[in-house]
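Asks: Work out the full structure: start from the sequences and follow the hints.
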Amino acid sequence: MDSPVSTEKPAFRRILLKLSGESFCRPGEGGISVEEVSRIARQVTRVASLGVEIAVVVGGGNILRGAQLSRGSDVIKEATAHYMGMTATVINGLALQDALESMGCETRLQTTIRMDEIAEPFIRRRALSHLSKGRVIILATGTGSPFVTTDTAAALRGKELGVDVLLKATRVDGVYSADPEKNPHALLYESLSYDQVLRDELKVMDMTAIGMCMENRLPILVFNFKKEGNIERAVCGEPLGTWVGPGPRPRAGAASA
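First residue of the sequence shown? That's 1 in this note's numbering, and the numbers climb one at a time after it.
Hints in this document: simulated from the structure, not taken from any laboratory. Wrong hints could be hidden among the right ones.
Unchecked claim - Below, a list of computed lysine-lysine pairs in the DSS-like style, where the Cα atoms sit at most 30 angstroms apart:
hint, residue 1, residue 2
1, 226, 9
2, 133, 182
3, 182, 159
4, 227, 182
5, 203, 226
6, 133, 227
7, 133, 159
8, 133, 9
9, 9, 159
10, 182, 77
11, 203, 77
12, 226, 182
13, 182, 203
14, 9, 182
15, 226, 133
16, 133, 203
In this text, all values refer to a predicted model and were calculated from it rather than measured experimentally.
Replies: This is the structure we're talking about:
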């Protein structure tokens with residue numbers, strides 16, 4: 001059963017939601033779980049119904065991780081493995097697109113590697129046009145270049161599309177001083193500066209992505225999206241997760257101010 005969610009007005013006008021490949025499968029498994037994809041789609045659809053413009057960057061680690069595939073072997077070159085990982089993100093993007101549209105949410109899947117039969121090419125002005133019309137855009141294949149993570153792609157697209165916040169969806173409640181799944185005494189941070197994240201090498205996103213967000217003053221909210229309704233709560237400015245960035249986090253109604 002769905003948990004009750006906030007009835008407040010959104011705190012953000014336009015967001016970028018970063019989903020790892022593991023978001024699409026059950027914990028400890030691989031592949032795609034229809035149940036998990038539907039869970040994401042339900043929440044995204046409800047957020048879109050609030051009038052929030054949504055871009056989603058998807059990873060592909062549930063299917064294939066390029067860095068792991070090429071490690072310790074010269075049979076598959078590292079660059080090739082990364083391109084294989086990029087195509088895995090398209091599989092997740094297609095699954096999410098169909099799940100969203102089955103719930104009446106209009107979407108567009110865009111890729112940085114041309115796949116004309118199944119997706120549009122990513123063009124910034126086209127993406128902005130879709131957002132302005134209330135369509136959810138799903139961004140696959142990362143930046144289109146090897147050796148660049150989808151976290152960095154999310155930071156890049158977030159700046160390019162002028163989003164208010166980058167929502168980093170995780171399976172834990174935010175950023176901790178240590179791995180909370182291994183250390184029960186780990187401290188959950190309510191807020192952090194970019195400098196703290198970089199200095200202490202905290203597990204938020206890869207360091208390139210953090211540096212890009214810092215340079216562009218793009219805030220990051222790290223939160224547990226596995227709890228039903230948390231995407232909406234995050235968008236509505238409820239105090240959950242860890243806020244990384246300049247200044248305090250916006251509260252409910254800020255987007256309409």
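Asks: Between the alpha carbons of residue 133 and residue 182, is the straight-line distance 30 angstroms or under?
Replies: violated (44 angstroms)
Asks: Quickly compare the C-alpha distance for residue 133 and residue 203 to 30 angstroms and report which way the hint goes.
Replies: Since the Cα atoms of residue 133 and residue 203 sit roughly 35 angstroms apart, the hinted pair is violated (cutoff 30 angstroms).
Asks: Given the hint that residue 182 pairs with residue 77, does the C-alpha gap stay at or below 30 angstroms?
Replies: Not OK: residue 182 and residue 77 at ~34 angstroms, beyond 30 angstroms, violated.
Asks: Would you mind confirming whether the straight-line C-alpha gap from residue 9 to residue 159 stays at or under 30 angstroms?
Replies: Between residue 9 and residue 159 the Cα gap is close to 24 angstroms, so the pair holds against 30 angstroms.
Asks: Taking 30 angstroms as the top limit, are the C-alpha atoms of residue 203 and residue 226 close enough?
Replies: It holds: about 18 angstroms lies between the C-alpha atoms, which stays within 30 angstroms.
Asks: So if I understand the rule, the pair passes when the alpha-carbon distance is 30 angstroms or less; does residue 133 with residue 227 pass?
Replies: holds (29 angstroms)
Asks: Within 30 angstroms, alpha carbon to alpha carbon, are residue 133 and residue 159?
Replies: holds (20 angstroms)
Asks: Holds or violated: residue 226 and residue 133, Cα atoms, limit 30 angstroms.
Replies: holds (28 angstroms)
Asks: Are the Cα positions of residue 133 and residue 9 separated by 30 angstroms at most?
Replies: holds (19 angstroms)
Asks: Hey, residue 227 versus residue 182, does the alpha-carbon distance stay inside 30 angstroms?
Replies: With Cα atoms ~20 angstroms apart, residue 227 and residue 182 stay inside 30 angstroms; holds.
Asks: For a C-alpha distance cap of 30 angstroms, please report whether residue 9 and residue 182 respect it.
Replies: At roughly 37 angstroms apart (the allowed maximum being 30 angstroms), residue 182 and residue 9 break the hint.
Asks: CA of residue 182 to CA of residue 203, is that 30 angstroms or under?
Replies: holds (14 angstroms)
Violated hints, in rising order: 2, 3, 10, 14 and 16; the structure is consistent with all others.
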